[in-house]
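Colleague: Here's the letter readout for the chains.
Protein chains: 4
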Amino acid sequence: MLVVMKAQATPEEIQAVCEHIEQLGFRAHPLPGAQRTAIGITGNQGEVDRGNLEALSGVAEVIRVSKPYKLASRDVKEEDTVIRFAGTDAAIGGRDLAIIAGPCAIENRDQAFAIAEQVAAAGAQFFRGGAYKPRTSPYAFQGLGVEALRIMADIRFRYGLRIVTEAIDNESLDRVAEYADVIQIGARNMQNFSLLKRAGKLRKPVLLKRGLSATLDEFLMAAEYIMSEGNYEVILCERGVRTFADHARNTLDLSIVPAVQRLSHLPILVDPSHGTGRRDSVLPMARAAVATGADGVLVEVHHQPDKALSDGPQSIYPDQFVRMMDEIEQIAPVVGRHLPRGIHIEIAAG
Amino acid sequence: MLVVMKAQATPEEIQAVCEHIEQLGFRAHPLPGAQRTAIGITGNQGEVDRGNLEALSGVAEVIRVSKPYKLASRDVKEEDTVIRFAGTDAAIGGRDLAIIAGPCAIENRDQAFAIAEQVAAAGAQFFRGGAYKPRTSPYAFQGLGVEALRIMADIRFRYGLRIVTEAIDNESLDRVAEYADVIQIGARNMQNFSLLKRAGKLRKPVLLKRGLSATLDEFLMAAEYIMSEGNYEVILCERGVRTFADHARNTLDLSIVPAVQRLSHLPILVDPSHGTGRRDSVLPMARAAVATGADGVLVEVHHQPDKALSDGPQSIYPDQFVRMMDEIEQIAPVVGRHLPRGIHIEIAAG
Amino acid sequence: MLVVMKAQATPEEIQAVCEHIEQLGFRAHPLPGAQRTAIGITGNQGEVDRGNLEALSGVAEVIRVSKPYKLASRDVKEEDTVIRFAGTDAAIGGRDLAIIAGPCAIENRDQAFAIAEQVAAAGAQFFRGGAYKPRTSPYAFQGLGVEALRIMADIRFRYGLRIVTEAIDNESLDRVAEYADVIQIGARNMQNFSLLKRAGKLRKPVLLKRGLSATLDEFLMAAEYIMSEGNYEVILCERGVRTFADHARNTLDLSIVPAVQRLSHLPILVDPSHGTGRRDSVLPMARAAVATGADGVLVEVHHQPDKALSDGPQSIYPDQFVRMMDEIEQIAPVVGRHLPRGIHIEIAAG
Amino acid sequence: MLVVMKAQATPEEIQAVCEHIEQLGFRAHPLPGAQRTAIGITGNQGEVDRGNLEALSGVAEVIRVSKPYKLASRDVKEEDTVIRFAGTDAAIGGRDLAIIAGPCAIENRDQAFAIAEQVAAAGAQFFRGGAYKPRTSPYAFQGLGVEALRIMADIRFRYGLRIVTEAIDNESLDRVAEYADVIQIGARNMQNFSLLKRAGKLRKPVLLKRGLSATLDEFLMAAEYIMSEGNYEVILCERGVRTFADHARNTLDLSIVPAVQRLSHLPILVDPSHGTGRRDSVLPMARAAVATGADGVLVEVHHQPDKALSDGPQSIYPDQFVRMMDEIEQIAPVVGRHLPRGIHIEIAAG
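Chains as they are written, first to last, in the working numbering: chain E, 1 to 350; chain B, 1 to 350; chain P, 1 to 350; chain X, 1 to 350.
Any given hint might turn out to be false.
Pairs involving identical chains hold if they fit within one copy or between any two copies, as the list cannot separate such chains.
[What the hints assert, rightly or not] Below, a list of computed lysine to any residue pairs in the SDA-like style, where the Cα atoms sit at most 20 angstroms apart: (1) Lys307 with Asp110; (2) Lys201 with Ala177; (3) Lys197 with Asp174; (4) Lys201 with Ala55; (5) Lys67 with Leu31; (6) Lys197 with Asn170; (7) Lys197 with Ser57; (8) Lys204 with Gly87; (9) Lys6 with Ala121.
None of these hints come from the bench; they were simulated from the model.
Using the sequences and the hints, build the whole thing.
Modeller: Okay, structure coming up:
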């Protein structure tokens with residue numbers, strides 16, 4: 001259910017409606033829009049009575065949301081969600097494309113800084129690096145953990161890059177939330193509902209990767225898990241699905257980009273590195289992602305991919321990243337977008 | 001690496017080899033066999049030096065294990081793993097087929113007891129029921145939690161059935177471990193490595209369901225995660241994979257049964273309820289599972305499936321379960337198996 | 001549309017209704033049942049007027065068939081289709097299981113006879129062997145063609161086995177129809193509509209294999225193509241579909257057996273050789289196929305698989321075939337079936 | 001095997017080498033390159049003796065081709081294949097993007113001309129329209145056949161557009177070859193080897209669509225079937241594969257574009273209409289196709305899609321086609337391409 005408030009509804013009226021909903025045992029999600037505020041109602045205790053709500057002051061109408069996902073649906077919020085990063089001009093979901101780049105895993109300070117310097121110089125605004133790695137084998141490198149988080153905090157300080165890194169369980173989630181600007185939840189955890197709910201209690205943007213065999217509905221329902229707990233800053237990310245095709249590690253399903261944009265107001269990025277698993281396919285698919293209208297790309301960059309502790313074969317070289325940025329920049333205007341180069345930090349006046 | 005001890009090696013010699021391995025920074029996994037003990041070596045710090053190990057007293061030979069999974073591999077342990085339940089004649093993995101039956105979710109005491117009574121009467125030895133439900137929607141029934149665990153503990157007391165129930169995160173894992181005889185880890189958590197590792201620290205059997213798009217290698221690697229922490233009682237379970245086929249909810253991949261049996265010593269069960277999602281396909285596929293040589297089946301049974309809070313359409317009626325047991329009983333001898341009817345509890349002499 | 005005739009309708013009345021339908025520009029398909037005859041109406045010129053038909057003598061009622069497939073649907077013909085072979089007791093679709101065995105390709109007379117002798121001795125009633133091979137590579141062995149057909153005709157004469165062999169195009173179809181008892185249409189040709197229509201004009205049973213990515217609806221629609229031309233003797237065959245799973249060449253989708261049996265009256269066989277591509281999985285899956293309730297199995301048998309010109313790794317040895325027959329024989333009664341051993345040829349009195 | 005001729009080899013020397021190869025029972029395929037001619041050797045009678053060939057006059061070296069496909073491989077021909085259309089400046093595979101547009105099926109003269117006029121005006125060089133339709137149901141509209149071919153011949157005369165249309169069997173192939181400029185072989189016939197071989201005997205370009213579950217190797221092997229018969233003008237076309245994903249009719253696998261370009265010299269187009277099955281996804285995916293580096297796109301355009309006899313929901317409107325052309329034109333230079341607008345017919349001097 002969705003309560004649409006009148007355009008002139010006061011904050012007090014909105015507050016009163018929310019309290020009324022919560023008293024009925026449901027959860028109220030006020031979602032401010034350009035024209036007016038809508039209030040999403042969630043909960044699993046059945047149906048809210050419609051008549052009573054419509055009688056409340058400031059309420060324009062009460063709408064039933066037919067989709068299984070509510071808060072993630074465009075029915076509930078028509079305008080695109082734009083996620084902003086306080087104190088900077090970086091954003092995900094608006095006119096500016098978001099470019100997130102960095103190594104699969106943080107291996108050591110020198111490696112991380114070497115790559116960060118190059119991606120920053122090429123104009124990226126976001127740096128990604130794995131601190132906690134979900135590896136298929138228990139005997140493979142599992143990441144540097146907090147040490148990696150600290151290195152990335154220093155990278156943010158040094159280059160101004162916003163940090164994106166993955167949390168793989170409750171414990172790492174708390175740590176990641178402390179250090180990162182965007183918390184990534186990986187494909188294998190897309191239906192780790194416990195982790196999603198916990199991420200929903202945080203107030204930091206969550207980058208949610210599509211599961212290897214997730215349908216669009218399941219993907220949006222996973223976002224809904226986060227949002228149902230009150231965290232509305234969810235960024236979706238397509239990273240390839242599993243099919244019979246063997247010419248790439250996964251099959252990058254770019255047609256999900258327009259499909260998401262029809263159904264949801266959430267931003268959608270594309271990860272051509274995991275999506276193909278091959279260095280020589282990353283640039284073509286990154287260009288394609290922008291051409292479909294995606295809100296940005298997430299790519300693995302490594303200055304010495306042959307020595308990388310994980311995912312070397314799919315990491316592009318820094319000079320390929322520079323070329324990718326140039327190509328994306330040219331495609332951006334065709335889809336009404338712009339590629340910002342570098343991040344601008346606002347210096348608060350003393 | 002695998003250290004094969006001589007047939008006449010003493011417990012002290014085995015102990016000494018284990019300690020030597022641990023001092024080198026690796027983990028030692030003594031695996032007793034019918035003829036002699038093998039000791040698996042795991043760890044991600046590289047290779048153990050072979051010569052030193054071979055020089056230790058009681059060591060027959062040191063073998064390199066080429067598979068990415070070690071402890072789960074038949075190379076390391078040739079004999080089938082049989083999981084026994086203290087104080088009973090119930091077992092999973094041996095000559096006797098294991099039948100695990102019960103409702104998708106425990107809805108209330110009456111429902112649970114009504115079903116338990118019927119599956120016990122039909123000869124099941126294991127009762128399954130969901131206490132914590134991983135649901136696609138945050139607004140769907142999430143299970144009764146501890147209340148359900150307590151109901152199942154009473155069912156064990158009343159009917160002697162061993163209890164199988166799912167843990168969905170660390171918190172529920174601790175609770176489930178307290179009450180259940182077998183801890184289930186669901187398909188969506190098959191690569192929740194944090195949960196797997198934690199389950200590996202317990203000393204209770206773990207029933208691990210195959211992920212919706214997991215390859216056989218990934219499935220065995222997930223088992224390896226549990227085993228690498230010292231819990232060797234892992235039961236694999238095929239429950240259907242995701243494909244384009246739309247005549248069933250999932251595509252039950254029975255050919256994984258002989259494939260698992262070639263590569264691993266772990267028991268493998270089949271869940272035809274989730275595997276098909278259709279009541280009228282459960283019996284045919286349960287018979288087929290036994291005919292392939294699976295170690296048993298896990299089925300959803302409900303006395304009032306139309307009123308079930310989840311998975312009603314795939315739950316069979318108690319009388320269908322009776323028929324399934326009769327059919328399975330007849331097929332069992334063809335594959336060298338036997339269907340036990342009911343569980344025998346050993347009464348300790350006073 | 002389906003015209004159901006009264007139980008006491010005369011052949012003349014049935015004939016008159018058929019003629020009426022054909023005069024309207026449609027095609028009439030009289031389908032005799034145990035109680036009464038139904039007449040299927042097909043054609044793509046729109047709808048037949050119902051009232052006029054219902055007024056014809058002998059007509060009980062006129063029913064609209066909602067499925068996209070008509071003649072293949074159980075709505076149109078409730079009883080199972082049983083395909084009989086004149087002059088023998090062999091049948092496909094009835095109580096008796098049909099076992100079709102032989103090499104992937106006929107390589108030469110000696111090879112073919114050696115294998116035929118063994119499968120006949122083990123009790124098979126049908127011999128399969130490729131004369132025309134649809135090979136992925138234009139440079140691979142393409143089959144002996146007519147020479148192979150002649151060898152198989154001699155095998156029929158010598159051992160009484162009914163012959164099943166594949167046609168790959170119109171030209172080979174005419175040849176195969178001349179020599180074989182059952183015309184196979186392979187998975188890659190399941191939607192070769194031109195070939196299907198031409199096979200529909202013949203009056204010989206057609207064994208239609210499921211395409212590698214065919215849904216159940218598409219599979220039944222392919223059968224419908226054959227039936228719409230007047231050939232109602234179609235045998236369906238599951239042979240594995242293509243998925244991400246890599247532990248077998250294909251994923252054998254046994255759950256299609258009960259699904260077909262719900263929707264269609266046509267017999268359904270299973271091919272565990274192509275379905276798995278691995279010798280050591282053939283027996284488990286053949287047993288499973290019978291346990292699901294399939295009408296029989298089609299297996300590749302070779303006395304020297306290591307020297308086979310095609311599909312050696314999936315061909316079982318003759319002694320494995322003997323074992324398979326024994327195991328299937330034991331499972332058959334559980335599903336109300338019987339395994340006939342050998343074929344009985346009726347000798348017409350002089 | 002591949003015979004590389006010396007740069008200065010004479011036509012007589014090339015001819016002599018070819019004759020030598022044919023006398024050995026193999027087939028010779030002279031493939032002229034920018035620098036020198038290579039001669040592919042195919043046949044399934046085993047290996048050619050290398051020494052004798054190397055001794056022939058004009059031969060530089062003899063190379064073994066390790067790929068299962070030979071003539072389709074970049075190992076055999078390094079330069080991109082460019083297919084030209086005599087008397088025009090139209091080409092597929094070179095710097096100019098090829099745009100093929102038109103309705104799914106030719107329904108009547110007015111419909112076909114109305115659409116042709118609009119796509120010509122927007123700058124397309126190729127017109128597509130179905131004369132023979134491979135339909136899932138035998139009762140669905142099967143195409144106008146020769147009548148449609150004649151309408152398209154008139155469209156070529158009237159608008160100068162080159163005609164692309166599908167052949168579905170040997171009979172239609174001969175007709176299509178008579179009227180069309182490019183013969184399309186559809187996804188369902190990608191492994192109709194008989195049809196491929198027959199198309200290989202023609203000397204007209206063949207547009208080969210990827211099968212619904214074809215791997216890249218199988219796709220190139222299908223092209224090889226055509227080429228092995230002497231027709232080297234094969235155009236590949238990605239049109240979506242079948243997966244579990246349900247937000248689009250198929251999953252358009254754009255990553256096959258760079259993969260094809262690594263392995264083969266053949267041009268590769270993309271069909272976003274069948275690839276998505278949704279009008280609102282066609283433009284995003286057409287842009288993406290060009291951005292990946294594809295040689296062009298094939299799209300369904302209909303002026304009245306709601307009244308279309310087939311594939312209405314995926315046909316774009318003429319004004320969307322205009323927009324698509326504008327967008328593609330802007331993306332083209334980023335990948336070193338150019339979008340020609342309209343076709344130039346050379347008028348032979350009298």
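Colleague: Under a CA distance limit of 20 angstroms, which applies to lysine 307 and aspartate 110: within one copy, between copies, both, or neither?
Modeller: within (13 angstroms within a copy, 57 angstroms between copies)
Colleague: When no copy is specified for lysine 67 and leucine 31, does a C-alpha distance of 20 angstroms or less occur within a copy, between copies, both, or neither?
Modeller: within (17 angstroms within a copy, 45 angstroms between copies)
Colleague: For lysine 197 vs serine 57, is the C-alpha pair at or below 20 angstroms within one copy, between two copies, both, or neither?
Modeller: So lysine 197 and serine 57 fail the 20 angstroms test inside a copy (32 angstroms) and across (53 angstroms) alike.
Colleague: Between lysine 201 and alanine 55, at a C-alpha cutoff of 20 angstroms, which is it: within one copy, between copies, both, or neither?
Modeller: neither (31 angstroms within a copy, 56 angstroms between copies)
Colleague: Taking 20 angstroms as the upper bound on the Cα-Cα distance, should lysine 6 and alanine 121 be classified as within, between, both, or neither?
Modeller: For lysine 6 and alanine 121, neither the intra-copy (47 angstroms) nor the inter-copy (48 angstroms) Cα distance is at most 20 angstroms.
Colleague: Classify it for me, lysine 201 with alanine 177: is the Cα-Cα distance of at most 20 angstroms met within a copy, between copies, both or neither?
Modeller: Within one copy only: 11 angstroms inside a chain, 27 angstroms across chains, cut-off 20 angstroms.
Colleague: Evaluate lysine 197 and asparagine 170 at a C-alpha cut-off of 20 angstroms and name the case that applies: within, between, both or neither.
Modeller: both (10 angstroms within a copy, 14 angstroms between copies)
Colleague: I want to check one pair: lysine 197 and aspartate 174. Are their C-alpha atoms no more than 20 angstroms apart within a copy, between two copies, both, or neither?
Modeller: both (13 angstroms within a copy, 19 angstroms between copies)
Colleague: How would you label the pair lysine 204, glycine 87 (within, between, both, or neither) given a Cα cut-off of 20 angstroms?
Modeller: within (15 angstroms within a copy, 51 angstroms between copies)
Of the numbered hints given earlier, the model fails hints 4, 7, 9; all others are met.
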